[in-house]
Every structure is written in C-alpha cells, then in structure tokens.
Amino acid sequence: MEIKWYIGLALALFCTGIVGVLTRRNSIIIFMCIELMLNSVNLLLVAFSKMHAASPVAQSLPNVASDAQIFVFFIMVVAAAEVSVGLAIIVMMYRNIHSVDINFLNRLKN
Amino acid sequence: MSITEILFWILSALALGCAIMVVASKSPVYSILYLIGVFFAISGHYILLNAQFLAIVNIIVYAGAIMVLFLFVVMLMNLNAESEPQKNRYLQFAGLISGGCLFLVLVSAIARSESAGNLIQVGGGGSGLIKNLGMVLFNEYVIPFEISSVLFLSAMIGAVVIGKKN
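Residue numbers (my numbering), protein chains in the order written: chain E, 1 to 110; chain R, 1 to 166.
Keep in mind the hints are simulated off the structure, nothing from the lab.
Warning: the hint list may mix true and false statements.
As the list claims (entries may be wrong) - Quick list of simulated restraints, FRET-style, between CB atoms:
no.: 1; chain 1: R; residue 1: L76; chain 2: E; residue 2: N106; range: 42 to 50 Å
no.: 2; chain 1: R; residue 1: L96; chain 2: E; residue 2: N106; range: 33 to 41 Å
no.: 3; chain 1: E; residue 1: S60; chain 2: R; residue 2: Y30; range: 46 to 54 Å
no.: 4; chain 1: E; residue 1: I97; chain 2: R; residue 2: N88; range: 30 to 38 Å
no.: 5; chain 1: E; residue 1: R95; chain 2: R; residue 2: E140; range: 42 to 50 Å
no.: 6; chain 1: R; residue 1: E140; chain 2: E; residue 2: I97; range: 44 to 52 Å
no.: 7; chain 1: E; residue 1: N63; chain 2: R; residue 2: A65; range: 41 to 49 Å
no.: 8; chain 1: R; residue 1: I147; chain 2: E; residue 2: V64; range: 17 to 25 Å
no.: 9; chain 1: R; residue 1: I147; chain 2: E; residue 2: N63; range: 31 to 39 Å
no.: 10; chain 1: R; residue 1: N118; chain 2: E; residue 2: L105; range: 39 to 47 Å
no.: 11; chain 1: R; residue 1: N88; chain 2: E; residue 2: V64; range: 45 to 53 Å
Stated by the list, open to error - What the simulated footprint calls covered on chain R by chain E, stretch by stretch (three residues with Cβ under 8 Å from a Cβ of chain E suffice, anywhere in the stretch; the number is not a length):
no.: 12; stretch: 11-25
no.: 13; stretch: 33-41
no.: 14; stretch: 47-58
no.: 15; stretch: 64-77
no.: 16; stretch: 100-114
no.: 17; stretch: 137-149
In this text, a Cβ means the ideal position worked out from N, Cα and C, and glycines have one as well.
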C-alpha cells in the first residue's frame, strides 16, 4: 500500500469537514465537522508512523513510530476536553436565545 | 489485488460516504449517526494499520463517549429540521467551491512530491501494540500525560461553571 492513498483519503475527509463548516449554520453540526477534521489528521499521523516503520531509518530509531501514535492519543485527549466545554457553551447559548444558529453569535454580546 | 487493499477501499468508501452524509443530512440526529459510521470506518483503518490501541481508544472515546454526549445534547434541545434557517444558496455554493479548490490544490501538490510512492507497513510491526505504546507513554511522555489530567479537571470545572444556571 502506498502512502498517497492514505494522504488522499485524509485530505478528502478534511475537505468534507471544511465544506461542512462553511455551509452549515447549525452550531452542533459545525462542531461535528471539526471533530471530523481532527479524525482525518489522526488517520494521517498513524499512516505516516507506519510509513516510517517501513523505512530503513526505523532500524536505528525504533521508538519514533510509536511517538506518532502517542501524539494521536493526546489529540484524542484534548478533543474530549474540548467537546465537553464546547457542548456546555452550546447548551448555554440555546438556553439564552433558544436557537443554535451560528449567526446569532456574531456579536458575542446581547 | 490483495485482501488488505480491498478492505482499504471498502473502508475508504464507507468513511467518505458517511462523511458526506454528515454534512448533507438535514437532521442533526442523522448527522451524529453518520459520524459514528465515520469513526467506525477510521477504527477499521487503524486495525488495518495494526494500530490496535488507537482503534480501541477511537471506538471507546469517540464513538462511545463523545458521540453519546452529542446525542444527549441534541435530544435535550428538541431541534427539528424545519426550524433550522438555511444559509443563502450562493453562500453554500461558495463554500462547496472553496472546499473543493482546497482539496484540488493539496492533492495536486502532494501527488507531485517524490515521496508520495513510499510504501507503508500494512500488518505486522509492533509500534502500535499496547505494550510498546505503554512503555513509550510512561517513560518519555509521562509529564504530558499528567498534565492532560489537569486539562481534564479544568475542562470538567469549566463545563460545570458554564452550564450552571445563574
């Protein structure tokens, strides 16, 4: 398997997320598209770590392929913390203005 | 065509189709269900790459915890698809065009690079096993691991403070 197919898949997922952020107005769906982009980057990091494991450099540096997967783990940790705070903000916004439309947030006040 | 390539293409088609349906579906509940499909497809990719720990963590954390949180919030809000105001047609079209342009630019830039044909190790290789990842995590990355627990604590306190009725 060549690395370019994984790069293409991750790019397609990332651009789908970008299109979702640009075209939708429901803030929950925008938030989910951001999660989609984070996941595509995770997939790309894992694919690159396996590309490194197949290269001759990996004989002298055996831990480097594991490092990329540790980074993916930390991305997941940060995403979980981000989701909890972000959903709390969305719930508070719904409680105050009874809508999750992103355009109501353009002033951030009143 | 080997079995891993066939699995790769099936999982890729599943991930892309579900991702498009996340963006295209009207109701947020359907979007969430399709996003769970994307996460399962990505977990399948991790298993294909022999990153077993990340595959399990992806299912437990994303499909299990985060998406249930999304589902609860959407169901508590009682949103219906008709009440969501639609964006201007031209703005939607412009968003689609700009996302497609970004995709084309990145693909054409990467397709010309000389390392695009590098092979990756499919199956085998111990770098993604729980034993090796645990050794690396608790030897080299133990400080960031501890700091992430502080991050979780602050996120928890922040969520409670924001969600509290004043």
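Hints versus structure:
| no. | hint | in the structure |
| --- | --- | --- |
| 1 | R/L76 - E/N106: 42 to 50 Å | violated (25 Å) |
| 2 | R/L96 - E/N106: 33 to 41 Å | violated (22 Å) |
| 3 | E/S60 - R/Y30: 46 to 54 Å | holds (50 Å) |
| 4 | E/I97 - R/N88: 30 to 38 Å | violated (21 Å) |
| 5 | E/R95 - R/E140: 42 to 50 Å | holds (44 Å) |
| 6 | R/E140 - E/I97: 44 to 52 Å | holds (47 Å) |
| 7 | E/N63 - R/A65: 41 to 49 Å | violated (29 Å) |
| 8 | R/I147 - E/V64: 17 to 25 Å | holds (22 Å) |
| 9 | R/I147 - E/N63: 31 to 39 Å | violated (21 Å) |
| 10 | R/N118 - E/L105: 39 to 47 Å | holds (43 Å) |
| 11 | R/N88 - E/V64: 45 to 53 Å | holds (48 Å) |
| 12 | 11-25 | holds (count 7) |
| 13 | 33-41 | holds (count 3) |
| 14 | 47-58 | holds (count 7) |
| 15 | 64-77 | holds (count 8) |
| 16 | 100-114 | holds (count 7) |
| 17 | 137-149 | holds (count 5) |
Going through the hint list in order, the structure does not satisfy hints 1, 2, 4, 7, 9.
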